[in-house]
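Novice: One-letter residues, chain by chain:
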Amino acid sequence: MRRGAFLHLLDRPAGIAFAALFMPAAVIMLFSAGGRGAARFVVGAGLVCFIVGAFGGTTLTDAARCSSAWTLPRYRRALLVEFAFCGAVVAAFVALIGAVVATTPSQTFLLAAVAFAAYALGGALFLTPEGSLILPVAFIAFIAFVASRSWTPAPVMTAPFATITVSAAVSALALWSAFSSRTFRWSAMMGPREDGRWMWNGWPTMPWWPRLRRGRAGTGPQGVSRAPYVGTSVLRGVVSSYRPMRANAWLAAIAGLSLFYVVAVGSNALGSVPRTGFWIAWAIFIVFSSLNRSSYDQRSSASRTMLPWSRRHHLAVAYARNLGDLIVIPLVLSPAFAAFALGNPDLLGPAGRAIAVVAIFFPAFQWAAGPPTGGRWADRGVAMILTISVAMGFLVALLLVVSGLPLLIGPGASQAVALGLLVAGSQVLNWRRLKGYFATRDLVGGEP
Amino acid sequence: MGELIFEASGLTKEFGGVTALRDISLSLRGPSIIGLIGRNASGKTTLLRHIVGLQLPTRGQARTLGVATRRLQHEHLARIGVVPDSPTFLRWMSVGEQLRYLSAFYPRWDMERQSALAGLLDLDLHADIGGLSTGSAQKLAIVAALCPRPDLILLDEPVSNLDPIARDQFLKLLLQIVQEDHATIVISSHVLHDIESTVDWIVCLNNGAVAADAALDDLKDQYAEWRVLARTRDLPVRFVDAFVVRQTVLEPRRARLVVRTAGADVLAFQRAHDADVEVAPLNLQGLFPILVDNGRH
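In order, the protein sequences belong to chains A and B.
Reading the first sequence from the start, the letters are residues 1 to 448 in this note's numbering.
Reading the second sequence from the start, the letters are residues 1001 to 1297 in this note's numbering.
These aren't lab readings, by the way, just hints derived from the structure by calculation.
Cβ atoms here follow ideal geometry from the backbone N, Cα and C, with glycine treated the same way.
Watch out, some of these pointers could steer you wrong.
What the hints assert, rightly or not - Pair ranges (Cβ atoms, derived):
#1 A:R312 - B:P1281: 55 to 65 Å
#2 A:S180 - B:S1009: 23 to 33 Å
#3 B:G1016 - A:L395: 41 to 51 Å
#4 B:S1115 - A:S181: 28 to 38 Å
Stated by the list, open to error - Partial list, derived from the structure: chain A residues whose beta carbon lies under 10 Å from chain B:
#5 A5
#6 S68
#7 P73
#8 L405
#9 R433
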């Protein structure tokens, strides 16, 4: 009775919510992509399958990190077989839609191979230790690649043998990597994902990446330094709370940012990235950055309860940290953005509006990442639905504001005032929410 | 001689610049209950992880159930039950669901034992795992580890989070399991008083090296406590006898010594110091600092 190792994990609110929210949207998107030709359909199908695989990967991550996972006999094999089976079903489903709306019968196998490879890759990137490092970089590269003017998906269809061969190789490599004993050993050693990390595979200590020494002299509880910082105690609390970030988190952030700079500045020089592609890449990068920024450095008050702080002090630090996050990311990105905008002065308006939307939504991302006081969301499914909803709302708002606001409010100054008011409003709401939490909730281990 | 359960030869584990296990050579045989003791960060958890193949040696060999630990297959893993120091489960499942999920992978999952253990440890099968206390999660880990009727059971600090009643019941249960299943149990614990009544073999680690590897009874035979009361004159500030391992002079005429029994002559000592000596056996708590010191030397 080994069936159900993976399927059983999907049969819960998070899985049902994912199916209910994502699958209809995916089917609509696929039918829409079918109208643009077979090549575009294959790319769209790959993206859909990647997301489905990624959802499977996050589900498997929780299971692989259970303390009993390593010793469960045949567990890896059972998970692999069922994960691959699900991938085959999804790929077949996508191929069926393709056969109806886009591809010829001879292209069906090619489509299924690409879809399965994307699914396997999506799962692997969430399971393997290096996935968290590769994923943001690969995602931006993918978006930039697909969005570039010079790229066309036609070779995918005109060289079917090469496409199928590459897809098969990618599938094999991804499955081997995701279900290897090395990955499961690592998962068992890592323990459960920490609060707020509903999606990522944590920011892991990769086996080949040495951990920097964290136990430096003069370090207090949870990495809060006793070194004298300049400024108020709130500022000290904010600054010191950034210290426990792991070296590889910094590495991943630097790698992601570097690629963003290459894309932004390089595309400016080459003029090869259309505006929409750039904005989508930028927006998605911000989404993921903010999600991670909110989660990977212990943001909840639980990590600071050993300090002699009042609830009011905790509140001030929490709000200052949220505000700091809001300011830091656009600041880090602004040189690349400025370099891009210099070559495209007509994009200054859309860029400003996009930044405003990020600022408006930023507290919502932080909220979705986990309760600010302590503990974790009671149900990962709730957290996931919350985050997906916020991310979707963000993307819709981004598109509407970037493209639609000038039609609604003509002058740039009026737009700036309107967006400024919305930014201020979201900050007020965020402050009130935090105030409510810190006044009424447990500081440690509290459920929302 | 029982079955060779685990064998290490020159086993060394390094994490960057830190050596967690140093050149360990060890043979664990069963059925038996083996106490794995040592100070904090002495390498106990790392050794347990090597036994189950979760960590691999940097140098040296490790074999469990006759197989190199890096090559443990499902049929070997099915014979091993593990209770980690911080057990984790799928938070969204109930206790019963989690056990059902796990049971599907074991050929010898014992449902009767599951019911009995859950009752004995007062574990609510309908409770959500996300809401379990640390102690209840530990109980769940114990049930999950024992129900497959494993031949080798690895327990990493299993009693640390249990209340006294559950702890007592659990330790009795271990004895019962060894008798019923002929299993070998390796139990790592700091609660020496509790495990003393259960274990028959002791492996003591100190700074990643083996400081002691012997039957508990043999260790107890090797050392004894002497309560010394002088009759006519004050005792020396420091005893220089070679067999005295530790000494505490409580008053000028009263002292408490831990001695190595080999070479210790009570009568000669009494004559030399004109004192009465009461000989008492040493418990594990008393043995522990000596074993650790031996390892250090």
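Novice: Now tell me, hint by hint, if it's right for this structure.
Specialist: Cross-check of the supplied hints:
1. A:R312 - B:P1281: 55 to 65 Å: 59 Å, holds
2. A:S180 - B:S1009: 23 to 33 Å: 27 Å Cβ-Cβ, so the 23 to 33 Å window holds.
3. B:G1016 - A:L395: 41 to 51 Å: 42 Å, holds
4. B:S1115 - A:S181: 28 to 38 Å: 34 Å, holds
5. A5: 7 Å, holds
6. S68: 6 Å, holds
7. P73: Hint on A:P73: holds, closest Cβ of chain B at ~4 Å, below 10 Å.
8. L405: Check failed: Cβ of A:L405 comes no nearer than 41 Å to chain B, outside 10 Å.
9. R433: 23 Å, violated
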